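The hints should help you fit chains B, C and D onto chain A, whose structure is shown.
Protein chains: 4
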Amino acid sequence: MKILILPASLRKDSLNRRLGTLIRHELEARGAKATLADFHDYAMPLYDGDLEQSSGLPDGAKKLAADLRAHDALVLVSPEYNYSIPGVLKNAIDWVSRERPTNAWKERPILLCSASPAGPGGIRGLWQLRIPLEGNFAHVHSPMFALSQAHEAFADDGSLRDEKLHKMLRDMLGGFIAYASALNG
Amino acid sequence: MKILILPASLRKDSLNRRLGTLIRHELEARGAKATLADFHDYAMPLYDGDLEQSSGLPDGAKKLAADLRAHDALVLVSPEYNYSIPGVLKNAIDWVSRERPTNAWKERPILLCSASPAGPGGIRGLWQLRIPLEGNFAHVHSPMFALSQAHEAFADDGSLRDEKLHKMLRDMLGGFIAYASALNG
Amino acid sequence: MKILILPASLRKDSLNRRLGTLIRHELEARGAKATLADFHDYAMPLYDGDLEQSSGLPDGAKKLAADLRAHDALVLVSPEYNYSIPGVLKNAIDWVSRERPTNAWKERPILLCSASPAGPGGIRGLWQLRIPLEGNFAHVHSPMFALSQAHEAFADDGSLRDEKLHKMLRDMLGGFIAYASALNG
Amino acid sequence: MKILILPASLRKDSLNRRLGTLIRHELEARGAKATLADFHDYAMPLYDGDLEQSSGLPDGAKKLAADLRAHDALVLVSPEYNYSIPGVLKNAIDWVSRERPTNAWKERPILLCSASPAGPGGIRGLWQLRIPLEGNFAHVHSPMFALSQAHEAFADDGSLRDEKLHKMLRDMLGGFIAYASALNG
Chain A
1 MKILILPASL
11 RKDSLNRRLG
21 TLIRHELEAR
31 GAKATLADFH
41 DYAMPLYDGD
51 LEQSSGLPDG
61 AKKLAADLRA
71 HDALVLVSPE
81 YNYSIPGVLK
91 NAIDWVSRER
101 PTNAWKERPI
111 LLCSASPAGP
121 GGIRGLWQLR
131 IPLEGNFAHV
141 HSPMFALSQA
151 HEAFADDGSL
161 RDEKLHKMLR
171 DMLGGFIAYA
181 SALNG
Chain B
1 MKILILPASL
11 RKDSLNRRLG
21 TLIRHELEAR
31 GAKATLADFH
41 DYAMPLYDGD
51 LEQSSGLPDG
61 AKKLAADLRA
71 HDALVLVSPE
81 YNYSIPGVLK
91 NAIDWVSRER
101 PTNAWKERPI
111 LLCSASPAGP
121 GGIRGLWQLR
131 IPLEGNFAHV
141 HSPMFALSQA
151 HEAFADDGSL
161 RDEKLHKMLR
171 DMLGGFIAYA
181 SALNG
Chain C
1 MKILILPASL
11 RKDSLNRRLG
21 TLIRHELEAR
31 GAKATLADFH
41 DYAMPLYDGD
51 LEQSSGLPDG
61 AKKLAADLRA
71 HDALVLVSPE
81 YNYSIPGVLK
91 NAIDWVSRER
101 PTNAWKERPI
111 LLCSASPAGP
121 GGIRGLWQLR
131 IPLEGNFAHV
141 HSPMFALSQA
151 HEAFADDGSL
161 RDEKLHKMLR
171 DMLGGFIAYA
181 SALNG
Chain D
1 MKILILPASL
11 RKDSLNRRLG
21 TLIRHELEAR
31 GAKATLADFH
41 DYAMPLYDGD
51 LEQSSGLPDG
61 AKKLAADLRA
71 HDALVLVSPE
81 YNYSIPGVLK
91 NAIDWVSRER
101 PTNAWKERPI
111 LLCSASPAGP
121 GGIRGLWQLR
131 IPLEGNFAHV
141 HSPMFALSQA
151 HEAFADDGSL
161 RDEKLHKMLR
171 DMLGGFIAYA
181 SALNG
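Quick mapping for you: the protein sequence lines, in order, are chains A, B, C and D. Okay, so the first sequence: first residue is 1 according to my numbering, each after it adds one. Okay, so the second sequence: first residue is 1 according to my numbering, each after it adds one. Okay, so the third sequence: first residue is 1 according to my numbering, each after it adds one. Okay, so the fourth sequence: first residue is 1 according to my numbering, each after it adds one.
Extracted from the complex, chain A is given alone in its bound form:
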């Protein structure tokens, strides 16, 4: 199984990227082939219906759609901005949703994760993030992983200091591989 991991933040030293790195490690330990993507590689303009009509999808959106299709599943690791989806991530979802005749979100198995310095760990944003993905008929896994106090959560070797939490992540990733296998089967 090939799994794309996308940390949806443009910051270089992003907590979500660090969580993505740990997820790659754990997925590979479970026999999956994991690609850790760089959100910068999918640079695209703000959505504009006139621009779409004149020029079609921008290169960054095409590349994201192609990478989604080249993998069997997606792990989206997203910060929470203002209790909801980051505009920059929603913009990418919007562009890819314009693919015709069908778009790359459809029936895509997706696991949502988040890392945040705050108490709720980004979970409110993940609930909002389900909506445009499920609205495009993606298979969004019901368990979600929200890491709170993320700035203090990682040990030097990239694992989670809290072993119980690390085990929970490991189990969730195992469950997600089984879920994606069943649906892609």
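The set of hints was computed from the structure by calculation and includes no laboratory data. Note that the structure is a prediction, hence the values are computed from the model and not measured. Incorrect hints may appear among the rest.
Heads up, simulated DSSO-like pairs for lysine-lysine below, C-alpha to C-alpha not over 27 Å straight-line [claimed, not checked]:
(1) LYS62/C x LYS106/A
(2) LYS62/C x LYS12/D
(3) LYS164/C x LYS106/A
(4) LYS106/B x LYS164/D
(5) LYS167/D x LYS106/B
(6) LYS164/B x LYS12/A
(7) LYS164/B x LYS62/A
(8) LYS164/B x LYS2/D
(9) LYS106/B x LYS106/D
(10) LYS106/D x LYS164/D
(11) LYS2/D x LYS33/D
(12) LYS167/B x LYS106/D
(13) LYS12/C x LYS62/D
(14) LYS2/A x LYS63/A
(15) LYS62/B x LYS164/B
(16) LYS2/A x LYS106/A
(17) LYS167/A x LYS167/C
(18) LYS63/C x LYS33/C
(19) LYS12/A x LYS2/A
(20) LYS106/A x LYS63/C
(21) LYS106/C x LYS164/A
Just chains B, C and D, lined up with the frame of chain A:
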């Protein structure tokens, strides 16, 4: 009372812009001073924490914040993208929310409107749009106006063909002026 | 495959029940064994933590949990009350969620449907309904069926007057059977 | 100003009731007249359209509507059940919403609070709770108070051990009184 009307679409021939024009007319008929903004005037890059740290808020976000402060209230006319907030609008909310020590959304009276060719008229997107605004302590009016079948809704003079609906909009705008006056009082 | 159909309304002459009847017919035409439940059979008091501590789950909640376990999947047909989940349905979800060590919502494949006389057809309520079910790790199918103008939608033989809509329902039920089979596999 | 405080839990030893008691104290210290209601006094059956047609609103719903009208504002203190509104509270909202020609939620200033032993403190439930209230045109204050680790949060005298948090609650209640005064003015 000075009211900013912002149609949150970059399309030239936008149904939301047409609804914004009608709202301007009706607000002025009720004695308010209404400015119909052009979303292009607030052009800004996709949010990036590193960019913010090096350069602060971009000009488009500063102008939007300044225009919000120069008015007593905001009418936001937004399309629905993928059952939620357009990424381009969420991106503008995200940037303006980064103002310090306080941001321009705080205690701003806001009315949410939408125009869409589809049946639900964009109302699902408006419910999602409340969240980042209320999370920033804006006063979002509880009545919202979602115009369905918007491509067939306007008469040549810009009014709504459906008189009952036009009256509902008029009453809602009157109610919003009273609401904003009370809160700004 | 055994599928439970639960119209979540206590009204005798409920539009949601009529939609449930049509769904039973279509599921059986696709080789499934479908049970059309009566919400009255799951009568239970309003949730009260003290009552739970003294008496455990009430009989209605136990019967609902047992019926969920006795089937491979659930089609929930729910009205929308006040833009959200009916209190009476949320109360049933709350009680069943108290089962220990695990509860009957977990990993249950669920399709959400709705019938309403209004324009949006109950779709706003269904989006709210996903939350407690997905929060309990149910597999909620991403496509949902919301029948608007439901009081005029049915022909005398119980089919939908609008053939295109009827075909969409049929296709969605076929897709749901495949989804539930894959996940139960 | 007369303010009704309603802890929406039926448990005797409810954390939400304890928070309600503290809120009463703080409101009275700010010159308001506060009534701490008992949710048991509004006992009502599960909503059933047939029952409504034959018997109208049940006594508990009538009493709740009357108490809402007899006060200038409402502080609703609600637990979170399954990441959403408790069914028992939603049921009360549903019944009261059936009042005609208008219902007691309309234009009611409401502050939402929550107390929970868990980390997010019930805030996810409060966001869901806004929807049916705002859908009925209540004025729901944008700041909300969610008390996490509530089982350890109270000192023996009923104040919050965390002084900063106590001050935040005090300021929010002051802000709510001003908000309700402006809107009722």
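The hints, checked one at a time:
1. LYS62/C x LYS106/A: The given pair, whose Cα atoms are some 36 Å apart, is violated under the 27 Å limit.
2. LYS62/C x LYS12/D: At roughly 24 Å apart (the allowed maximum being 27 Å), LYS12/D and LYS62/C satisfy the hint.
3. LYS164/C x LYS106/A: holds (21 Å)
4. LYS106/B x LYS164/D: holds (21 Å)
5. LYS167/D x LYS106/B: Cα-Cα ~20 Å, so holds.
6. LYS164/B x LYS12/A: violated (54 Å)
7. LYS164/B x LYS62/A: Outside the cut-off at roughly 45 Å; violated.
8. LYS164/B x LYS2/D: Answer violated: LYS164/B to LYS2/D is near 37 Å, above 27 Å.
9. LYS106/B x LYS106/D: Distance ~24 Å between LYS106/B and LYS106/D Cα, so the pair holds.
10. LYS106/D x LYS164/D: violated (34 Å)
11. LYS2/D x LYS33/D: This hinted pair holds, its Cα atoms lying about 5 Å apart.
12. LYS167/B x LYS106/D: holds (20 Å)
13. LYS12/C x LYS62/D: holds (24 Å)
14. LYS2/A x LYS63/A: holds (17 Å)
15. LYS62/B x LYS164/B: violated (39 Å)
16. LYS2/A x LYS106/A: holds (17 Å)
17. LYS167/A x LYS167/C: violated (45 Å)
18. LYS63/C x LYS33/C: Status holds; Cα separation ~19 Å.
19. LYS12/A x LYS2/A: holds (25 Å)
20. LYS106/A x LYS63/C: violated (36 Å)
21. LYS106/C x LYS164/A: With Cα atoms ~21 Å apart, LYS106/C and LYS164/A stay inside 27 Å; holds.
Figure legend: structure checked against the earlier numbered hints; hints not met, in rising order: 1, 6, 7, 8, 10, 15, 17, 20.
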